[in-house]
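For the record, the sequence lines run as chains A and B.
Heads up: the first sequence is residues 1 to 349, going by my numbering.
Heads up: the second sequence is residues 350 to 663, going by my numbering.
Everything labelled a hint here was simulated from the structure, so no lab data went into it.
Hints may be right or wrong, so weigh each one.
[To be verified] Think about it this way: if two alpha-carbon atoms lie no more than 16 Å apart in a straight line, the pair counts; the simulated EDC-like pairs of lysine to aspartate or glutamate are: (1) B:K483 <-> A:D28; (2) B:K481 <-> A:D28; (3) A:K258 <-> A:E287; (4) B:K479 <-> A:D28; (5) B:K381 <-> B:E647; (6) B:K372 <-> B:D406; (7) A:K309 <-> A:E336; (8) B:K549 <-> B:E574; (9) B:K456 <-> A:D28; (10) B:K455 <-> A:D27; (11) B:K353 <-> B:D537; (12) B:K632 <-> B:E371; (13) B:K381 <-> B:E371; (14) B:K625 <-> B:E371; (15) B:K358 <-> B:D537; (16) B:K481 <-> A:D27; (17) B:K551 <-> B:D537; (18) A:K184 <-> A:D281.
Each chain, letter by letter, is given below.
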Amino acid sequence: MDNILDNKIINYGEAIHEATFQEMANDDNVFVFGLGVDDPKGHYGTTKDLHKVYGKMRSFDTPLSEDGMTGIGIGAALAGLRPIYVHQRMDFLLLCMNQLVNMAAKIRYISSGEHSVPIVIRVAVGRSWGQGAQHSQALQSYFMHIPGIKVIAPTTPHDAKGGLIASIRDNNPVIFIEHRMLHKNAGYVPSEAYEIEFGKGRVLKEGNDITIVGVSHTVEDSLRAADLLKDVGVNAEVIDPISLSPIDYEIIRKSVMKTNKLLVVDNGWTTCGFSSEVIADIAIKCENIKCERLGFSDTPCPTTPGLEKYFYPNPSSIAITANKMCGGNIEWSPPEVTQHEIISFKGPF
Amino acid sequence: MKKKFDIEKAYYLFLLIRRSEEKIIDLYNTDKIKSPVHLSIGQEAIAVGVSMALSADDVIFSNYRGHAHYIARESNLDKMWAELYGKSRGSSRGKGGSMHLNDWNKKFMPTSAIVSTAVPEAVGYAYALKYKNKNGIVLCYHGDGATDEGVFWESLNFASLHSLPIIFVCENNQYAIYSHQNTRALDDPIVDRANAFGVKAKKIDGLTTEDFYNATSECVNKINENPNPYLIECMTTRWRDHVGVTDPELSEQQKDSIRIAIDNDDLKNLEKKLTKDTIIKIKKRVEFEIEKAVNFAETSEFPDKPELYDNVYG
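Pulled out of the complex, with its shape left as it was, chain B reads as follows (with noise of 0.2 Å):
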């Protein structure tokens, strides 16, 4: 059953991944962060949603633009920062970066950092829980321009050939860097040939964090009464660059986009619904838990020259 869309835990987690990067940006220039980062800002809506229809047992695969659906799942803050300062309590002992981001107590898997690198993985996952008869669902999070690549559509073949329990959440902001989807494949094909594939696939384009929990919650039911894969496309936009922190060099039709998109903000939508006290509360929550996470990274170490060595093999 679909459990009620709770607004304050939405705004909760949108305003912690929202300032989370703004910190981001804030610190980047003191080359702290020793890692490329590739900002969410704009997108975070899909992830909030489609977290909060997710259960524990469910598992995360994600990619390198990967911090919303981190922070989304409610993973460990701390060892983000730490991670993200290349710090020895960080995500991966500092190993792995904003790209690489995992915490296993959330089923957050490993990031990869190449386009579509991961789904197949997701895919086999989702093979496992079949194979295991065990609960839970596979999330797999992409972009548009993983659906450029060829081991995208292997995967969805594959995923609708088993019946498996998979989810696929493609969130589009049409960019892949600066080649706009229009430059890389006729009009969006995207449901068209997912469903072609055998994965029953939507376009939501609401920009609202509730779509996308609603779009995400009749998914779930649906697999938990009879496993299949989906696909939901998430319409979104990317406020900053590919990579780093900067704005992006706009065309009129970024402009326009961006615009469109930043007064649209859910984050500002959902606060419109919530109390003066509960805002405030929130709000001095998210700046505790930011600062004692970069503090926590800023007060770690840096891992030890033998850890070079360690866990190549196993």
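Extracted from the complex, chain A is given alone in its bound form (with noise of 0.2 Å):
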């Protein structure tokens, strides 16, 4: 694994398809389900042809029925088998909340262990061209309020690669969060099978002078937002949590300790949600830490790219917040910054 040339240069989409790939070939418990699983685009690509190497039963369409389908995939686990349900927008698991919560987060709980609901529930989060209000939504707190829930959101190739490999093997319900805009993302990825550990981070850029944590999509406006703040002279250290549920505190409190400054930027609404859950750990744990945080504007996301861009925090707005926390000229201005990944964007989906 650690050998660079066993490693390929793969994108996101397909590391995660290769993990499935491979999981399914590695248990044969494991299968794939969800709207269009086994349709001509496969699900971005992630789960594209896996029925005709592995057959119906393992890889198949699905009735909507959300609410249904998703304690079907948490029965057939307490039988046994490893399911993968696979979401086409995180908005759609509203409508399986009672199943997740009240069957999957509590059958080990409530059986002392006797069974237990190796699911996986892999959910794309939307954004940009017109996604709107119900199409874009990152609801990972929801989840991480919930014991008896891990929840996962990687941002690299080879963390969706290994997180997701992770998840499958887990015992444990797992919400796997993939945006939508990191898909098309291309690193590093060992060939063969491996796993992340739950509950681990990574610092992506050491930095002194202030700590960034960012999440999921946002990790990557974060090490945007550090190439800006160099021009004002500030090092900017960015930590990747990867995992949200449970979080690696100790790399973000290490990592403070020495900055003495901490800005989250959240994929997602700031009240209640992942921000607020790393400042109250800091907050308690650590002495004088100037925090401050970014996340979706308060309302619901707006459907028209004249509004969008101000809904989401971005490159700039991230490096400006950043730089006065440090203390920097408050009238700064970093140029603009490209995202690739949102321009290129094209729909209808």
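The two chains are supplied separately, each in an independent frame; assemble them into the complex guided by the hints.
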């Protein structure tokens, strides 16, 4: 795994496909289902042709019935299978909440460990090109709130593959969040199957002046912001938590003890969210840390690009906030950074 | 092949359920049972008839009104009582209570306290049996209230779409707490709706244990020949309140239906078919088993503090 020669450059979506393909080969109990998983598009290619290799029982289309299908997946998991339920948008999980919260998260506890629910719920978070109020929501905090559920939101192709394999092998229900704007990102990915660890984050860029913690796609924008901040002499440390439940508080505490400043940039609303949780931990466990946060504006997501650009944090807004926290010039306005993945995305879906 | 209906066994199971729940009523005001209870009194014939038609490979999904199903499956009575008492030797080590009984030795799955919520799980389990090419049938008990939920019909649709080996047993007592089925649906549409979803359905209005046994046996035989989902709508009457041990605050309509049901109590009918010696023998056995179970609960400890955190994740 560490031999770079064995690695190859593939994109995030391909990494998910490879993880699924390998785990289905590795374990007959693994199967994939969801609306359109066996159609020609194969859920953005991530489930393409799995049914041709592994058969219809192990990769199948479903009635829309999200509530029922979630329970059916949970029932199959109770019987020893390892289902992966794929959703084209995270917004659809609101149709599955009863099953996820009341059943998946509880059955181990109420049976005192006799039964477990090793199900993976894969969800794409949408953004750009008019996704609007009901196709863009990132609801990680809903699931972080519930004991019994794990949540993971990898940013890199490497962690997408290792994170999905870890999720499939995990004996708990896992919400696996993949941002649509990350699917085309390429990176080195080991060829063989491997896991990353739940509850372990990663320092993606080292720095001494401020700690920036992103979530999923905002990790990428935080890295861009760190580049902008170099122009004003601010050396930011950027952390990718990867796992949102459990959270790697240690890596964040260690970083803020060095920088004394924490900026959390959530890919989601701030109220009762990931940022609240991380800042609360730092407020309790560390002394004299200046904290700030960014996230979705406190509104539904507007469809028009004319307003959508104000809805999300972006590399400039992250850099400006970080620079202010570091005592920089409040008038500073960095050059606009092109977010290629957003500009290049064309619908309809 | 269908086995002959064993009256002696039916009487034993029926009496064990009835007396266990009467014991719950006796003890309830002592506050030793620290859990809501949803009694099955009046509905026992279904659980007994259905369970006797099943085999050890079959998997049971029940619900919060599950004492009868649990006992009829011959699950561990000591552990049920310890669970009602919230003790660490209970079926969930005290962390489930009456609404989440389970006994994996009898393939009795943890029950859910939310109406219709375990129905898709039952279907998913049946999918797994087919996936693994395993023997067995899934038996899913639910009430008429469950059929008010959308997820119920989503589940039936998937079960028929994939020809899954599952029997839905609808215990229709006509009431969701105090809401009569007439206020929730036009006529009684359950059989017609199930048939429309591709699940062959039949209504059994006989109220006798043997009727429910025969109907279930018939479905079991058909599934063994050719896996497909079936639904049996079992008409029944709940004699007590939805939850707790009190009598319902009766309307005239309820009074009539309960009076008729009590007059036709199948426990009495079964008893008439047995000899005095057999009845005495079974009554003694039942009282002994309940006393032993209550004693097991009384002498068990509450779980210790560290158990609060056990089995959240695994």
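Status of the hints after comparison with the structure:
no.: 1; hint: B:K483 <-> A:D28; result: 14 Å, holds
no.: 2; hint: B:K481 <-> A:D28; result: 9 Å, holds
no.: 3; hint: A:K258 <-> A:E287; result: 12 Å, holds
no.: 4; hint: B:K479 <-> A:D28; result: 14 Å, holds
no.: 5; hint: B:K381 <-> B:E647; result: 9 Å, holds
no.: 6; hint: B:K372 <-> B:D406; result: 31 Å, violated
no.: 7; hint: A:K309 <-> A:E336; result: 12 Å, holds
no.: 8; hint: B:K549 <-> B:E574; result: 15 Å, holds
no.: 9; hint: B:K456 <-> A:D28; result: 23 Å, violated
no.: 10; hint: B:K455 <-> A:D27; result: 27 Å, violated
no.: 11; hint: B:K353 <-> B:D537; result: 32 Å, violated
no.: 12; hint: B:K632 <-> B:E371; result: 14 Å, holds
no.: 13; hint: B:K381 <-> B:E371; result: 15 Å, holds
no.: 14; hint: B:K625 <-> B:E371; result: 22 Å, violated
no.: 15; hint: B:K358 <-> B:D537; result: 33 Å, violated
no.: 16; hint: B:K481 <-> A:D27; result: 13 Å, holds
no.: 17; hint: B:K551 <-> B:D537; result: 12 Å, holds
no.: 18; hint: A:K184 <-> A:D281; result: 34 Å, violated
Violated hints, listed in ascending order, are 6, 9, 10, 11, 14, 15, 18; each of the other numbered hints is respected by the structure.
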